[in-house]
Every structure is written in C-alpha cells, then in structure tokens.
Amino acid sequence: MRAAAVCLALWVGLALSPALHAATITLLNVSYDPTRELYDDYNKAFAAYWKAKTGDTVIVNQSHGGSGKQARSVIDGLQADVVTLALAYDIDALSTQGKLIPANWQTRLPDNSTPYTSTIVFLVRKGNPKKIHDWGDLVRPGIEVITPSPKTSGGARWNYLAAWAWALKQPGGSAATAEAFVKKLYMNVPILDAGARGATVTFVERGIGDVLLAWENEAFLAVKELGPDKFDIVAPSLSILAEPPVSIVDTVVDKRGTRRVAEEYLKYLYSPAGQEIVAKHFYRPRDPEVAARYAKQFPTLTLVTIDNTFGGWAKAQAAHFADGGSFDRIYGQ
Amino acid sequence: MANSRTPLIPGFGLTLGYTMVYLSLVVLIPLSATFIRSFDLGVGHFWTVVTAPRVVASLRLSFGAAWLAACVNALFGLIIAWVLVRYSFPGRRLIDAMVDLPFALPTAVAGIALTALYTPNGWLGRLLLPLGIRVAFKPLGVVVALIFIGLPFVVRTLQPVLEELDQDVEQAAATLGASEWQTFSRVILPALWPALLTGFALAFARAVGEYGSVIFIAGNMPMRSEIAPLLIITKLEQYDYAGATAIAVVMLVLSFALMLGINALQGWAFGRHGAR
Chain A
1 MRAAAVCLAL
11 WVGLALSPAL
21 HAATITLLNV
31 SYDPTRELYD
41 DYNKAFAAYW
51 KAKTGDTVIV
61 NQSHGGSGKQ
71 ARSVIDGLQA
81 DVVTLALAYD
91 IDALSTQGKL
101 IPANWQTRLP
111 DNSTPYTSTI
121 VFLVRKGNPK
131 KIHDWGDLVR
141 PGIEVITPSP
151 KTSGGARWNY
161 LAAWAWALKQ
171 PGGSAATAEA
181 FVKKLYMNVP
191 ILDAGARGAT
201 VTFVERGIGD
211 VLLAWENEAF
221 LAVKELGPDK
231 FDIVAPSLSI
241 LAEPPVSIVD
251 TVVDKRGTRR
261 VAEEYLKYLY
271 SPAGQEIVAK
281 HFYRPRDPEV
291 AARYAKQFPT
301 LTLVTIDNTF
311 GGWAKAQAAH
321 FADGGSFDRI
331 YGQ
Chain B
1 MANSRTPLIP
11 GFGLTLGYTM
21 VYLSLVVLIP
31 LSATFIRSFD
41 LGVGHFWTVV
51 TAPRVVASLR
61 LSFGAAWLAA
71 CVNALFGLII
81 AWVLVRYSFP
91 GRRLIDAMVD
101 LPFALPTAVA
111 GIALTALYTP
121 NGWLGRLLLP
131 LGIRVAFKPL
141 GVVVALIFIG
151 LPFVVRTLQP
161 VLEELDQDVE
171 QAAATLGASE
181 WQTFSRVILP
191 ALWPALLTGF
201 ALAFARAVGE
211 YGSVIFIAGN
221 MPMRSEIAPL
231 LIITKLEQYD
241 YAGATAIAVV
251 MLVLSFALML
261 GINALQGWAF
271 GRHGAR
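Chains A and B supply the protein sequences, listed in that same order. Residue 156 in our numbering is what sits at position 156 of the first sequence, and the numbering runs on without skipping anything. Residue 133 in our numbering is what sits at position 133 of the second sequence, and the numbering runs on without skipping anything.
You may find that some hints are simply not true.
Unchecked claim - Computed from the model, here is a short list of chain A residues facing chain B with C-beta under 10 Å:
#1 G66
#2 S149
#3 S153
#4 G154
#5 P190
#6 L192
#7 G207
If you are wondering where the hints come from, they were derived from the structure by calculation, not from laboratory data. A quick note: this is a predicted structure, and the numbers were derived from the prediction, not measured. Don't be surprised by glycine CBs; every beta carbon is placed ideally from N, CA and C.
So that you can see chain A by itself, here it is in the shape it has in the complex (with noise of 0.2 Å):
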C-alpha cells in the first residue's frame, strides 16, 4: 500500500516537475531475512540522494528470504541488480555455479565488499538465570542452546564456526579439541530449526532453550521489539567477525543498463550518511568516525575472521558443512 503511495507520489510529482529528462530506474536488490528493515530505510536515503544528483528517481525493490535460497534464485534466473547475501560463500555459487560474476567479485569494494559487519552473541533469560557468559558455558550440562541447523542456515554456519574458533583459542586448544567442544555444545541442542527466524521463534515465542546463538543486529532487535525486560544480550569473550556481502550481478545490470546506478547502490553503503543507517539498524559500521559515534551500542569482544581462521569460506564449507564434513561427523555420521 504504501509503495504503492510512494509510486504514485513520484509520478505525480514527475508529471508536474519541470524537469524533461528525468527517467525512472528501478533496481532489484536480493538480500537474506534480516535486512528487511536496514534497507527499507537505506531505498528510501539513496533514492534522494540520487535524485539530488542526478534527477532521476530510482526505485529499489527487495527480496528477502535464506541467504542460500536466494543465491539459488538469482542463479536460476531471478534479475536480481544487486546481491547483498548473509555469506561470501553464496555469492561465490553465482561465480562459480552460475558464472554471473567474476571469481574476484569481493576485491571490487573495500573492506572485502562488506560495507558492514555483525558477529555472534548470545541471547538469554531476563538476569541471565543459567549464569552464562562464554561459550564454556553452552556445554554445561542442563544448558539448552538453540541454534539453527548450518547445513540449511547461512547464520547458523556463523554460530557455529565462533563456537568452534572459541575453542581453538583456549590453552591447547586444537581442531580435535574444538570439533569435540562443538560436539559437546551440539549435544545441548534440542531442536535444529531450518532457518535463523524460525530458531528466533522458537526461543523467544515457544519459550525454549537457555540461550540462542544469534546474530547481534538480530538480538538487539529481539530486545527492542519484545521489551528488555524478557531478554538480556551476553558477548563472550571471542566470537567471529560476521561479514555479510555485497556485489552487483554483472550479467544483469549490463544486459538491463543499470551498472552505474547498481554500483553507486552499493558504493553509497560505504558514505558516512550509509554508515549512520547501517548503524541505526544494529549492523557495526565500518566507517571509524561513524563507529566511533556508535562504540557504546556495541559491546566490545575479540573477534576473529573467516579469512585468518578459516582460510576463507571456500575451505570452511568444505571442512564443516559439506557432506562428510564435521557438523556430519558429531552426528555420528
């Protein structure tokens, strides 16, 4: 209804304007399940900045679901400008299962092409009744965690690679003492939802579990919007660098003519004003002044990165998710 609204507006507005030339783009951006909001805000910022310079209107419109899910969409077809994905993993598949991109699609923007960053925490019982505070805690027996299957959930796959860098950093810790830690952790898992909202859901609605392992944005928003007076967010003391990407979709926005706006899409992420959004939605900005100003949001935590830990996705997925791998091997498999 409101885009609706917001459409006839801008025609209304285009018809009475004096200005000839001005031509309407409109852009598909595909992103997975928690950037609803963030870019709901963020269509609405470039819009006006575009229009500002250089007259035209650009009208942005989403798709939101699993991060896999829509890699899959996109490489069967959907005409999607641009991909803003949970995981560097998926938007390879559009390199390398898809050839829609080239293979060196993340050196095209900075930071890795992640204009904004996230990590893991944990999200518990108002006071924190089970006492947990690191990821030590988790295995505790009686502790129930809920947390998304990683062979179906690109946010999953985060959780478990911290728990698993957790226990790697301890004394002695080693990739046997790790994958039995995260064996261990697995154990106290009841329930492996298909998705991160569906494990939300089942924590925060259903009631179960001591704890969720979720992503910040995700647990500050649970917070805000279901009161702080049921929930309390715990960082421990390590968790993983989230770096959920970007890229435009080569294929399409040069068959559609729509490359430099896709690309002044994304380049506009990176802007303080695209910072003071990202921000705003509980993602950590990238922008040092930016994250500066919202330093206090952000609890402070050591935090590891997939490339330095993990040797990059390409190697993480191989060793732990694919079939055979160690999430198979602590089911017993």
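Since chain A is already given, all that's left is putting chain B on it; use the hints.
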C-alpha cells in the same frame, strides 16, 4: 464394467492426444528432468548418496510417518464421513466445511500452529508432558502434522460413495438376519473399500512429500526427526543439485511403487466386490 462398445461421444483420438500432451507437460517432463539431473552422479555415487545412513533414516521416517498418518486418517476419516453423511445435527454444515481447512491453510501456518500447541509449554503439550508424551520436536510430531494435512482426502473421497450407498440394502441385510456387525463388515465395508483405498493413497502421497508443516514441528535432529524433503533442501543449500535430485528420485520411485501396489489392491477390491 469394461465397455468395449463404440462410445456415445466420439473423439477418442483427440482426447487421448490431449491427455498425453497435458500429462507430458505437467507431469512427465518435470519428472524426467529430475531423473536426468540425478544421472550426473553416476551409478556408484548415486548409490552412496541414497544409502547414506542419514538419508535412509530420513526416508524411513518420511514414509513410515506418512503410512501411519494415512492409516489413522483412514479410520477416523471413515468415522467423520459416516457421521456427516448419515446424521443430521445442528452445526453439521460447519463441521463439514471445517474438514477442508487443512486444504486451504498454508502448510507453514498449520505447522506453526501445531508446534505452538504441542510444545512442552503449549496448550496440549503441557497436558501431555506429565504423561511422558512429547509430540513437538519428536517423530510423533511429524505424524501429527501429517494426520492434519491428510484428513480431508479420506473424508472427501468417502463422502460421495457413502451418500450413494442405498440404505435399503442395509435394511435388506437386517431382514435377512444379519447382525449389525455383519451388515457393516459384509455389506457396507466392501462397497467402501475402493474409495477408502483412494483416500488412503491420496493422504499418504500428500504426506510423503510434505515439507512446510512438518519442518516446524519435527525438530529436525539428524537420524531421528529429519524428513527426506529436508535433506533435499540441505543438499540444495550446498548447491549439490545432483545429490538433491538423487534423493528425489528415490522418493519418486518408492512412491510410485506404493501407488501401483495400492492401485492393484484397489482393482482387486473393486473386482471382487463390484461396487456397482
């Protein structure tokens, strides 16, 4: 029954041609695409994929739970259809309409509603917990969801047959000295068998492939409460299209074999009792 005389309405060639084209477009071509895609794997790899313990466990759960749910639905669907056809009572139309709800409801909504009901803190789950029965996030939850989505198939296939069943026949049986049980088992039930089997088969087939409602209530624990369609999705998440279609092919072949068996059984029931 078999009618070999010239049919009244001509056009056999046209309609058969239409049937073949339509079936090909809607059913055969998509299915053969699935088969062909699974050939990417090669026989050896195909076998490894479909005999992996986790895949076998999920197939057992999917087919077992669907079978169990269809059995429950056959029994209770029969009772519901009987009550709706044979008795007139206030609210009958309302109940009649309610039978179709599982058809109309998006399956995900059904799954979420059932999960909310049967979790340990849900309305029903709370009552069942002291009895040591846990439904949500256990294989039993899968069966419950499948019963829910399969019910209309049995009721709706039985209703028209029951409506056409002549009550005079039952009275005749009674006057000939048949007990109530004899009337039911030797007069009514034989006439119902074919429709009951159809309803069972439909409910079963629907349940085997069900994803949306089950996924929320199953808990999805590997080897225990993971359904086969979820494993297909899992493979797709890894961009393993061939592996995903391999499982799909096994499900197709199994379903087809079972359907064929049920059809044969139906033919036998039909031939033996000659419903009409």
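Hint check:
no.: 1; hint: G66; result: holds, 8 Å
no.: 2; hint: S149; result: holds, 6 Å
no.: 3; hint: S153; result: holds, 8 Å
no.: 4; hint: G154; result: holds, 9 Å
no.: 5; hint: P190; result: holds, 7 Å
no.: 6; hint: L192; result: holds, 4 Å
no.: 7; hint: G207; result: holds, 5 Å
When held up to the earlier numbered hints, the structure conflicts with none and fits them all.
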